[in-house]
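Residue numbers (my numbering), protein chains in the order written: chain A, 3 to 431; chain B, 3 to 431; chain C, 3 to 431; chain D, 3 to 431.
These are computed hints drawn from the structure, not numbers from a lab. Mixed in with the good hints there might be a few duds.
If several chains are the same, the list does not tell them apart, and a pair holds so long as it fits within one copy or across any two.
To be verified - Calculated pairs, SDA-like style, for lysine to any residue (alpha carbon to alpha carbon, straight line, at most 25 angstroms): (1) LYS277 - ASP198; (2) LYS143 - VAL416; (3) LYS249 - ASP198; (4) LYS249 - ASP214; (5) LYS175 - GLN36; (6) LYS143 - ALA405; (7) LYS143 - GLY121; (8) LYS143 - ASP80; (9) LYS143 - SER13; (10) LYS48 - ALA156; (11) LYS143 - GLU316; (12) LYS277 - SER244; (13) LYS175 - ASP109; (14) LYS143 - GLY368; (15) LYS143 - GLU419; (16) LYS249 - ARG194; (17) LYS46 - ALA245; (18) LYS48 - GLY121; (19) LYS249 - ARG420; (20) LYS175 - ALA314; (21) LYS46 - PRO323; (22) LYS143 - ARG420; (23) LYS46 - VAL201; (24) LYS277 - PRO248; (25) LYS143 - ARG359; (26) LYS143 - GLN360; (27) LYS277 - GLU220; (28) LYS143 - ALA72; (29) LYS175 - LEU404.
Note that the structure is a prediction, hence the values are computed from the model and not measured.
Protein chains: 4
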Amino acid sequence: MTLVSTDLIASENARLAEHLRSDYAHLGEQLARQGVDIDSVKEKLKSFSVALPSWGVGTGGTRFARFPGAGEPRHVFDKLQDCGVVHQLARCTPGVSLHLPWDHCSDFGELRGHANALGLHFDAMNSNTFSDQRGQANSYKFGSLTHSEAGTRAQAVEHNLEVIAAGRELGSKALTVWIGDGSNFPGQQHFRRAFDRYVESAREIYAALPSDWRMFLEHKTCEPAFYATVIQDWGSSYLAASALGPKAQCLVDLGHHAPNVNIELIVARLIASGKLAGFHFNDSKYGDDDLDAGSVAPYRLFLVFNELVAAAYEQVQDFNPSYMLDQSHNVTDPIESLMISAAQVQRSYAQALLVDRQALDVAQQGNDAIAASQSLKAGFETDVTPILKQARLEQGGAIDLLACYRASGYRAQVAAERPAAMAGGGGIV
Amino acid sequence: MTLVSTDLIASENARLAEHLRSDYAHLGEQLARQGVDIDSVKEKLKSFSVALPSWGVGTGGTRFARFPGAGEPRHVFDKLQDCGVVHQLARCTPGVSLHLPWDHCSDFGELRGHANALGLHFDAMNSNTFSDQRGQANSYKFGSLTHSEAGTRAQAVEHNLEVIAAGRELGSKALTVWIGDGSNFPGQQHFRRAFDRYVESAREIYAALPSDWRMFLEHKTCEPAFYATVIQDWGSSYLAASALGPKAQCLVDLGHHAPNVNIELIVARLIASGKLAGFHFNDSKYGDDDLDAGSVAPYRLFLVFNELVAAAYEQVQDFNPSYMLDQSHNVTDPIESLMISAAQVQRSYAQALLVDRQALDVAQQGNDAIAASQSLKAGFETDVTPILKQARLEQGGAIDLLACYRASGYRAQVAAERPAAMAGGGGIV
Amino acid sequence: MTLVSTDLIASENARLAEHLRSDYAHLGEQLARQGVDIDSVKEKLKSFSVALPSWGVGTGGTRFARFPGAGEPRHVFDKLQDCGVVHQLARCTPGVSLHLPWDHCSDFGELRGHANALGLHFDAMNSNTFSDQRGQANSYKFGSLTHSEAGTRAQAVEHNLEVIAAGRELGSKALTVWIGDGSNFPGQQHFRRAFDRYVESAREIYAALPSDWRMFLEHKTCEPAFYATVIQDWGSSYLAASALGPKAQCLVDLGHHAPNVNIELIVARLIASGKLAGFHFNDSKYGDDDLDAGSVAPYRLFLVFNELVAAAYEQVQDFNPSYMLDQSHNVTDPIESLMISAAQVQRSYAQALLVDRQALDVAQQGNDAIAASQSLKAGFETDVTPILKQARLEQGGAIDLLACYRASGYRAQVAAERPAAMAGGGGIV
Amino acid sequence: MTLVSTDLIASENARLAEHLRSDYAHLGEQLARQGVDIDSVKEKLKSFSVALPSWGVGTGGTRFARFPGAGEPRHVFDKLQDCGVVHQLARCTPGVSLHLPWDHCSDFGELRGHANALGLHFDAMNSNTFSDQRGQANSYKFGSLTHSEAGTRAQAVEHNLEVIAAGRELGSKALTVWIGDGSNFPGQQHFRRAFDRYVESAREIYAALPSDWRMFLEHKTCEPAFYATVIQDWGSSYLAASALGPKAQCLVDLGHHAPNVNIELIVARLIASGKLAGFHFNDSKYGDDDLDAGSVAPYRLFLVFNELVAAAYEQVQDFNPSYMLDQSHNVTDPIESLMISAAQVQRSYAQALLVDRQALDVAQQGNDAIAASQSLKAGFETDVTPILKQARLEQGGAIDLLACYRASGYRAQVAAERPAAMAGGGGIV
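If we strip away everything but chain A, and leave its shape as in the complex, we get:
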């Protein structure tokens, strides 16, 4: 299978290795002055990973249009190949998160073997009850797990059970449930009854979870429902997860919040209550924009990681978040966006690791807002690029992700192998 040639990676890296050595050494010296061992930061980074969404290697779109790119993946095997390239260069994205029925496959066992051969494994499984499939008995036009009719709810539950079954074959350990259910008009839906139906349906799914699985509930303030959604915020997500039991937790997508909302504070609340499932990383300026992680508001991403690193540092119980990218790549080569976004997530993690937690504690206890703020900024303002590059180099990845990928000619190759998709209508991401 076509991936990037390891020779190319090696030669590209060779070109850059000397400067990296020098930069890494100088940064090491700077950090040492602050009592930080650069190698231990690097090692933490090497054990960190963020999953790829299988749909993320395709070009996304909006309700207005989708403008396909060259060499788009035609099926789940193509998608895995593209994910393989991302991981080959970035070395921090071994997990792939599938979406059924989009990634349907006649033999999940074969698929698992295929993924393993690429150094990949399967992260959380995603069900889809927000669009109708050909031949489906009941429509989700007016809801799925919360539909007013029992038959539609049963169908949606059944689909989730199938996704769990597929996930078991694939070695996944979690089911992510996001529904589009909600309403476009005041009065359309009975708020309390719809929520009760959600919990009732989710209980049936929960009951079918293998003992070592988790169920991730994903809230969203709006879209596709534009007056109200059923799991509209972390409060409703928490209520539902609590009603279900300990295996149910709340997933945070960075774009699923009302304007101005302090997301890192929500993360802290979910950590404290043992209900943080993990993240769908992306960035947003207006709503669920699904932009590349950290491309618009990198400090916000850092502040989220500051909460995560603090929780690990303080050994908060039951703290085990799952990380995934969830972006819509409308105007870029998806592989480029995924590599760079994964590195951006690593960057935030590395910067958060640099924060002097003892100094921060002292500043917080003494209400020294300036010193506390500067503690965080000291981490954020550090250019940790050499650590990221060194970690990639040591793991066989590319020092310069973009240059190496572009040099590989991978996109042109698959464009030749994969017939062009037609320009289409709205695109789903």
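With chain A's structure known, arrange chains B, C and D on it following the hints.
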């Protein structure tokens, strides 16, 4: 004590009574066609009330300026007098909510008698740990119930206990706790520890609650803290109230939410979980603007009442919300704003009572979004003014609130009696 | 051609006429007390109309899914038929706004005759350079009128010229230009150059406008571009319209603004500067939700009409706005949504006509905020339904839009005639 | 006069100089690889300055409370002293912006000499017609420059003329006009007339401007008016500035926009139309929070500077923005906040200078969104701290601002010299 002369009310009403009779009769006929008995709506309205905040009879302000009005109340007795006038004309505001230490008084028993003489009683008590008082040992600059130092927390708890004690003397049955605690910089406050300290402090207050009291926790997304607040949304409020126990519930102020948030949906969630304390009614366009209830977004207020009426109609357990106005009257005569706002709240309630709940159920079950939406609109678009006027008339109030109040000359009278306050700096509301 | 039988309309109306007579008479009496002649309000309403978007009779969708309804129009002739039904019952929607190439047609002259036979004419024409069409030489993936390459800009200009040509045949008098151009990443687009290219391209279109045409520039804060758009707000729209000349004006879509923005204030600014093109009416809670007009925030719609009625009352020069519905009917029968939305727009207009402008002027001049606010509310709180019904009755429409339409069985009829569309991906609206 | 001892600065710097030398050298080497000469960046930085607001050295507050700090300045001379300390250490804040009547002074000539002795001069003058002063004939409760009564408007104009007169004595070259005028209720103010009155009043002020002065119009979306403001956004500001003439320009305060608004895009529009007056720098999460510049959203500040540096690079005509901090220091020592904020502004400027504009142009022209985005990030992710430190060192400032200031004991000294202010009500910023 100067109130409005009952003769004036009677003569003003006499002028308007005939038209009212005709309008009420015609509306009654229209409603009868829909199977609604206008008199029973009117009777429900007559048993509905919304409390007045003692601070609401003074002119509010912003951090930029406060522009005092004429005849501003000088102390709690003046405030009660003004509240008495509001209730005298509007007949739906018998409760007054005090704020300590602003309404401090050497003899709360005397105050209670004084209120009762005016037909008033005392609603929820409000503590204030968001500003410092002269002679206070510890400052709340960096927090009160969540302060990093135990001594400041203890002082804030102690103040709340005093407020409960005063409330017992006054016949109040609830304590509303709103704190300004939070942070202005990322890092300034340890999110999880601050919340834990909140719960710890609140537990001490909760323990001191009389058995028939409730404790209302009020969340707010920002201001005075502008990076993060401790009880930032209904989710955090719910977590805290749940940690405390059944007497603790979540208060909804209509202006304390992030932009675009669906408030009526939050109300539904709190109703379902038995945690709806009640409301601080006001309106907002941008943030916690504290505008007059329904002056900017009357349909939103109606949609809140639609949830309340539905809950009552369905006999949801433990449903017993408390209603209060909480507004900042910066550019109006506060008495006028309060009367009209109270009537606006009544209007929303009456409109919600007109919704055909059976038809709505059928539409919701059948996913007939248009019919469901029109069911609500049918209530909202009805001009229920004659019902409000008739209810006031039967209870001795004024048919035309504004005309009667203005005719009374009350403001000029108290302006003569009460020396003018100086134009000041920022105003607290 | 199948429309609603006039017999049915007559018999439905007969059933309701007596109550309408009584309600209209009583409302007339109430208004007379305020010095308002109900018949003259009704006559103004009868001369008011709002155009239908041809795409609005199809079911809309989101990027996640589109759930088709029964009997969806297959082409522009089906669309005109559905628009004909809306107008037949609602009697205030004679104009239809086409969208090319969606409504492409081999003989626009024939189409015009067909429309006229249905009592319809053609309102503003809409071009589409936000999605690619099969066989198109250059893609709009990275922009159209503002694309960095001249060839793509020329193609987009050329398309607009074709739309103008079609519009001339159809008798239209305006071109509406909305582009999706913008960027998803900081840095992707050079802000100033992109705007300059917009003006340059728009100048070529402007030059081709017939002398009695206008060009409507439509701004939008985001979507499909999620970091920045080229014509992001009314300020940019105004700059562009001013650069172009007097025939270019700024179109206001109620959903194309940042959160919390005061839309009626923008309307006032555009009126004062002679640059108000008109409106795309819809409603929104979160963003460009394209909900039914007035379904979520009816007072906001009223406040817009308050500005329009005031401008007419004060005889502001060059005040000649164009009105259109622009909504996405995702969960309703589009015909029902359009009829009810048109009536909602009428309602707002009628309510604004009831405002006592002289009393309002006095209150404004005297800074009597309460009286001014109550002047507007007096109009808004009036139930003008009888006026709307009477106007429809007199014009041959249906007193009860929904009941009559449902009784007609039109949807079932066309569902039988038009083969079902398949459930698809994202839907464009 | 007490400032920080130069000996202390020297000894503090000596402690840090060696590490700085090493860091500066390594960064220089890194930048040289990209073709950037570190010294020329440093020199540009040395010629950059940002003005201090006189009110910024006092502790700010909210409408709820103000919690004074120790040693607060009592009058304009104390304020200048504190500004002197900021500039002494930070070396980039020689300008001070006064606010009348807050900084009233019997002899502005003396004040000017006093400032010069501290190495300070006077930046833009600020008028205040958003609060009433003792003895003022007409109140600004209902507006100032836009008041419905001519007398109040004349008074507000007259005040601005006095501010210009004072500014002439002080050597200022600009007048900043921000008004609180607006409304809290729909209907309260006639939108078009209020704007016309604004322009009429502003014309009188404009006419009195010395020939080498500019007039900065500052827009704001809300607060203190909470329904509508007169100069609510850059569009209205542009209309007014255009009506006035070339000396009138639009000032951008980073916190005065609706949620989600793309501020850097507005900056680009104002640059292109020759109407960018300059900035009030601060940061915000919710509204006009007046947080420290770059403390919450540093990338946004960078993106603003990216537009500024691009404009200078492209030699846009009439591009001459004025820079000022405008923050509310509620929980910090104002001197610390100002020093660190000034350095943050410098940081953004330096990072923007590092962007490879040629590479960016190529990426933009080729619609290479990833490369374009990475061009900006390459600048932003560079830790430019050594450049800032070196620039300060060479200019006699402190390498480590916070450490040096805290070592100086300045705050304790002035706390002893200046009697404590009382805890007060709302605080104005």
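### Violated constraints from the hint list, given by number and in increasing order
5, 7, 9, 10, 11, 17, 19, 23, 29
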